[in-house]
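Trainee: One line per chain: the protein sequences are A and B, in this order. With my numbering, the residue at position 91 of the first sequence is 91, and numbering never jumps. With my numbering, the residue at position 2 of the second sequence is 2, and numbering never jumps.
Any given hint might turn out to be false.
[Claimed, not checked] Here are some of the chain B residues that sit facing chain A, going by a computed Cβ distance under 10 Å:
{"no.": "1", "residue": "Leu4"}
{"no.": "2", "residue": "Leu11"}
{"no.": "3", "residue": "Asn35"}
{"no.": "4", "residue": "Phe80"}
{"no.": "5", "residue": "Gly99"}
It should be emphasised that the hints constitute simulated quantities derived from the structure, not laboratory data. In this text, a Cβ means the ideal position worked out from N, Cα and C, and glycines have one as well.
Below, each chain spelled out in residue letters.
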Amino acid sequence: EIVLTQSPDFQSVTPKEKVTITCRASQSIGSSLHWYQQKPDQSPKLLIKYASQSISGVPSRFSGSGSGTDFTLTINSLEAEDAATYYCHQSSSLPWTFGQGTKVEIK
Amino acid sequence: EVQLVESGGGLVQPGGSLRLSCAASGFTFSSYEMNWVRQAPGKGLDWVSYISSSGNTIYDADSVKGRFTISRDNAKNSLFLQMNSLRAEDTAVYYCARGPRYFDLWGRGTLVTVSS
């Protein structure tokens, strides 16, 4: 099973600040890495697919990069509505797995 | 409106059974691969099961293999999860999620509580 490790687990950020969340895979997964946002009491929402591909309707301040084992989700100019938990997810090999999540709090 | 709506959750005793349903609308359900993903209270996301668009291919997480069965009825735009031999650790919100490899549409989830 591929283990995804996100860092940090928690981040407290000021609005307009840049946020960087990393996701490290226990073995190479190519670009089969996706990012989701989950706000309190809501279901997850797809933000980025295949490491860096944007999703229609998702604000352009969200971007992804990386390949192999190291991936990054970047939120440029954080807004108050971005307070949420962010998860990475790999679909390179079964069982598909998720990172443990990174909670982003707005200061 | 494109949406997924889960139902069928509730309180069940350990060892009991429950059948979850997911009603799809606003898109051609029969063309999409589907999944069940769960989230224990206060915890992260945990993939459970996958089914191909035709229903011919199924994958399950080891934690539910032999106990849970995913199925679908394309004529009724519905996805199902039959859960048997339930354990306390199966307590979670169960989401149906659309997609072969990334999940681009999620339902709001249905809560399953396994407790005596």
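Trainee: Go through the hint on asparagine 35 of chain B and say holds or violated, using the shortest Cβ distance to chain A against 10 Å.
Mentor: OK, holds: asparagine 35 of chain B within 10 Å of chain A, min 8 Å.
Trainee: Hey, does the phenylalanine 80 of chain B contact hint survive, CB to chain A under 10 Å?
Mentor: This hint is violated: phenylalanine 80 of chain B lies away from chain A, its Cβ roughly 19 Å from the closest one there, beyond 10 Å.
Trainee: If you take the shortest Cβ to Cβ gap from leucine 4 of chain B to chain A, is it below 10 Å?
Mentor: holds (9 Å)
Trainee: Let me know if the C-beta of leucine 11 of chain B comes in closer than 10 Å to any C-beta of chain A, holds or violated.
Mentor: With a minimum Cβ separation of about 20 Å from chain A (threshold 10 Å), the hint on leucine 11 of chain B is violated.
Trainee: Hey, does the glycine 99 of chain B contact hint survive, CB to chain A under 10 Å?
Mentor: holds (8 Å)
Hints 2, 4 from the earlier list are contradicted by this structure; the remaining hints agree with it.
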